[in-house]
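There are 2 protein chains.
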Amino acid sequence: MASMMFTDCSSSTTSRLFHLNRRNGTSLLRQCVGQLRFQTTASGRGCIRSSSSPISAISVILVGDRKDSATYVRNKKKACDSVGIKSFEVCVAEDSSEEEVLRSVSGFNDDPSVHGILVQLPLPSHMDEQNILNAVSIEKDVDGFHPLNIGRLAMRGREPLFVPCTPKGCIELLHRYNIGIKGKRAVVIGRSNIVGMPAALLLQREDATVTIIHSRTKNPEEITREADIIISAVGQANMVRGSWIKPGAVIIDVGINPVEDSSAARGYRLVGDICYEEASKVASAITPVPGGVGPMTIAMLLSNTLKSAKRIHNFQ
Amino acid sequence: MASMMFTDCSSSTTSRLFHLNRRNGTSLLRQCVGQLRFQTTASGRGCIRSSSSPISAISVILVGDRKDSATYVRNKKKACDSVGIKSFEVCVAEDSSEEEVLRSVSGFNDDPSVHGILVQLPLPSHMDEQNILNAVSIEKDVDGFHPLNIGRLAMRGREPLFVPCTPKGCIELLHRYNIGIKGKRAVVIGRSNIVGMPAALLLQREDATVTIIHSRTKNPEEITREADIIISAVGQANMVRGSWIKPGAVIIDVGINPVEDSSAARGYRLVGDICYEEASKVASAITPVPGGVGPMTIAMLLSNTLKSAKRIHNFQ
Numbered sequence: 001m002a003s004m005m006f007t008d009c010s011s012s013t014t015s016r017l018f019h020l021n022r023r024n025g026t027s028l029l030r031q032c033v034g035q036l037r038f039q040t041t042a043s044g045r046g047c048i049r050s051s052s053s054p055i056s057a058i059s060v061i062l063v064g065d066r067k068d069s070a071t072y073v074r075n076k077k078k079a080c081d082s083v084g085i086k087s088f089e090v091c092v093a094e095d096s097s098e099e100e101v102l103r104s105v106s107g108f109n110d111d112p113s114v115h116g117i118l119v120q121l122p123l124p125s126h127m128d129e130q131n132i133l134n135a136v137s138i139e140k141d142v143d144g145f146h147p148l149n150i151g152r153l154a155m156r157g158r159e160p161l162f163v164p165c166t167p168k169g170c171i172e173l174l175h176r177y178n179i180g181i182k183g184k185r186a187v188v189i190g191r192s193n194i195v196g197m198p199a200a201l202l203l204q205r206e207d208a209t210v211t212i213i214h215s216r217t218k219n220p221e222e223i224t225r226e227a228d229i230i231i232s233a234v235g236q237a238n239m240v241r242g243s244w245i246k247p248g249a250v251i252i253d254v255g256i257n258p259v260e261d262s263s264a265a266r267g268y269r270l271v272g273d274i275c276y277e278e279a280s281k282v283a284s285a286i287t288p289v290p291g292g293v294g295p296m297t298i299a300m301l302l303s304n305t306l307k308s309a310k311r312i313h314n315f316q
Numbered sequence: 001m002a003s004m005m006f007t008d009c010s011s012s013t014t015s016r017l018f019h020l021n022r023r024n025g026t027s028l029l030r031q032c033v034g035q036l037r038f039q040t041t042a043s044g045r046g047c048i049r050s051s052s053s054p055i056s057a058i059s060v061i062l063v064g065d066r067k068d069s070a071t072y073v074r075n076k077k078k079a080c081d082s083v084g085i086k087s088f089e090v091c092v093a094e095d096s097s098e099e100e101v102l103r104s105v106s107g108f109n110d111d112p113s114v115h116g117i118l119v120q121l122p123l124p125s126h127m128d129e130q131n132i133l134n135a136v137s138i139e140k141d142v143d144g145f146h147p148l149n150i151g152r153l154a155m156r157g158r159e160p161l162f163v164p165c166t167p168k169g170c171i172e173l174l175h176r177y178n179i180g181i182k183g184k185r186a187v188v189i190g191r192s193n194i195v196g197m198p199a200a201l202l203l204q205r206e207d208a209t210v211t212i213i214h215s216r217t218k219n220p221e222e223i224t225r226e227a228d229i230i231i232s233a234v235g236q237a238n239m240v241r242g243s244w245i246k247p248g249a250v251i252i253d254v255g256i257n258p259v260e261d262s263s264a265a266r267g268y269r270l271v272g273d274i275c276y277e278e279a280s281k282v283a284s285a286i287t288p289v290p291g292g293v294g295p296m297t298i299a300m301l302l303s304n305t306l307k308s309a310k311r312i313h314n315f316q
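Sequence lines, in order, name chains U and P.
As numbered in full-length UniProt numbering, residues 1 to 316 make up the first sequence, in order.
As numbered in full-length UniProt numbering, residues 1 to 316 make up the second sequence, in order.
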């Protein structure tokens with residue numbers, strides 16, 4: 001049985017984003033966003049005020065009327081409010097032109113009161129996602145998706161201005177729980193630009209020996225069983241079974257997959273890529289789904305925005 | 001015994017850069033630079049003329065008077081001459097300022113007759129290598145070291161303008177000898193910005209399952225033994241022994257390490273990271289040192305310069 005579980009103990013991710021319990025009842029709670037709030041509102045630090053005139057601000061560009069995108073944007077806005085980061089939102093109609101979105105990006109690039117720019121994905125199919133993401137100033141790319149940031153992340157001796165939020169949150173979880181990375185065998189399942197690839201680069205920067213597993217890997221079970229640390233971001237419900245896990249491994253499950261559940265109010269429930277019931281009997285630590293990595297993504301977005309504001313205001 | 005060996009059969013890498021022999025004597029020779037020369041000088045293609053007015057040109061900036069750097073630059077110049085690529089060379093004194101080097105870079109960036117810019121490394125310690133490499137226009141970065149190129153290399157769905165020459169040469173060797181990469185287990189030993197890291201990214205783009213081994217890896221022998229393809233670029237003479245190799249594996253040895261040898265005219269000889277004598281008895285294919293990967297690096301530099309000239313001249 002996993003001796004440590006990363007659990008969201010709150011129904012409101014904006015009030016208590018992150019919690020850890022041990023089975024023995026000893027709480028090792030360190031609330032990431034709570035800490036961030038302390039850091040950002042403490043008058044002695046003075047870098048951000050939770051007042052009506054915050055000096056850190058993020059702009060979100062939402063194109064179209066997808067309900068899921070609107071929900072994500074609303075959650076980000078709530079989280080910003082909770083730590084005193086001002087958020088602007090620009091809604092662009094589904095049938096707008098790419099140029100209109102680019103104009104919004106350009107306006108925020110030029111606006112010195114904006115420290116972070118988020119373009120909510122996915123974009124309508126008639127728009128070129130690359131063009132639009134590339135247009136975001138690298139100094140305000142709080143999502144960390146700009147290829148220049150990814151290049152710096154990949155290179156030894158270089159530092160990205162921002163690290164993509166979800167993989168940054170995964171590593172932060174390991175740090176917060178004092179789980180050593182250096183010299184460990186790590187397996188990342190999935191090689192997306194948003195999670196898998198940057199997570200592998202981050203693990204390698206911390207001196208893990210990393211293998212990335214993907215759809216063309218012939219023996220994923222065997223390779224995963226060698227890992228001390230597993231980060232899965234593949235989007236397949238319960239793909240990783242207990243038999244794939246080395247006893248004592250640490251598991252970070254990024255997958256959020258809906259599965260039918262007639263007993264649930266909405267007719268479905270959310271599960272991860274890892275079969276939690278089986279894996280938690282073998283692993284030493286595991287994140288639940290939902291409530292594990294998800295809240296960390298938003299926390300890291302706030303952290304990136306804070307970092308950007310501090311850089312722009314030349315605040316150490 | 002390796003059934004296939006990548007062997008340089010010529011003492012002059014500028015005349016015959018690359019050769020393959022099978023032990024059974026069947027030559028599968030395909031001279032990479034020979035092919036490139038054909039491709040670039042064939043009047044029907046017309047993209048480069050091996051005349052006095054070539055339309056492809058590379059500029060090399062050599063700072064200081066290191067003998068090894070001067071030799072590398074001379075070899076590159078010879079290779080350019082052999083395929084009709086014009087090469088300019090700017091020599092900057094060892095005690096010059098960083099600004100002087102940056103001025104040279106800037107001049108070549110602005111010169112439409114220059115399609116590739118090379119800054120020969122290493123630079124004197126009083127210069128910031130990052131600053132200078134970052135100043136090279138990404139459209140003329142034929143070394144492929146710009147973080148924007150590396151970022152695009154790392155990202156799915158993005159294309160780098162240029163791929164670093166040595167790892168590109170490693171992959172080209174595998175392609176030329178019809179060695180499949182997709183679905184194979186690959187181990188890259190070493191994680192340098194110049195070879196190991198981009199080699200791993202390239203293997204992954206070709207759907208290998210890649211593990212990078214480095215100085216903090218606890219059991220490199222065991223992990224290497226799982227590999228179908230090994231690329232080593234760690235700079236330690238004969239580090240990888242025969243016992244590390246899975247029977248039938250394919251080995252690309254990028255290391256070039258001098259070891260004392262009183263029987264050699266210069267008192268030393270060059271060996272790779274792989275113990276060739278042992279590994280060649282287990283592997284199915286192996287590159288020798290010298291004469292394996294080295295000539296490919298120069299060939300890929302020419303290939304990158306050709307690609308740049310074609311892009312700038314809008315030649316398909």
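Mixed in with the good hints, there may be bad ones.
Put simply, identical chains are the same to the list, so a pair is met inside one copy or across any two.
With a straight-line Cα cutoff of 25 Å, these simulated SDA-like cross-link-like pairs (lysine to any residue) come out [to be verified]:
hint: 1; residue 1: Lys-218; residue 2: Asn-178
hint: 2; residue 1: Lys-246; residue 2: Gln-130
hint: 3; residue 1: Lys-78; residue 2: His-126
hint: 4; residue 1: Lys-307; residue 2: Glu-159
hint: 5; residue 1: Lys-86; residue 2: Glu-222
Bear in mind the hints are in silico, worked out from the structure with no lab data behind them.
What hints, given by number in increasing order, does this structure fail?
Hints 2, 3 and 5 are the ones this structure does not satisfy, whereas the remaining hints hold.
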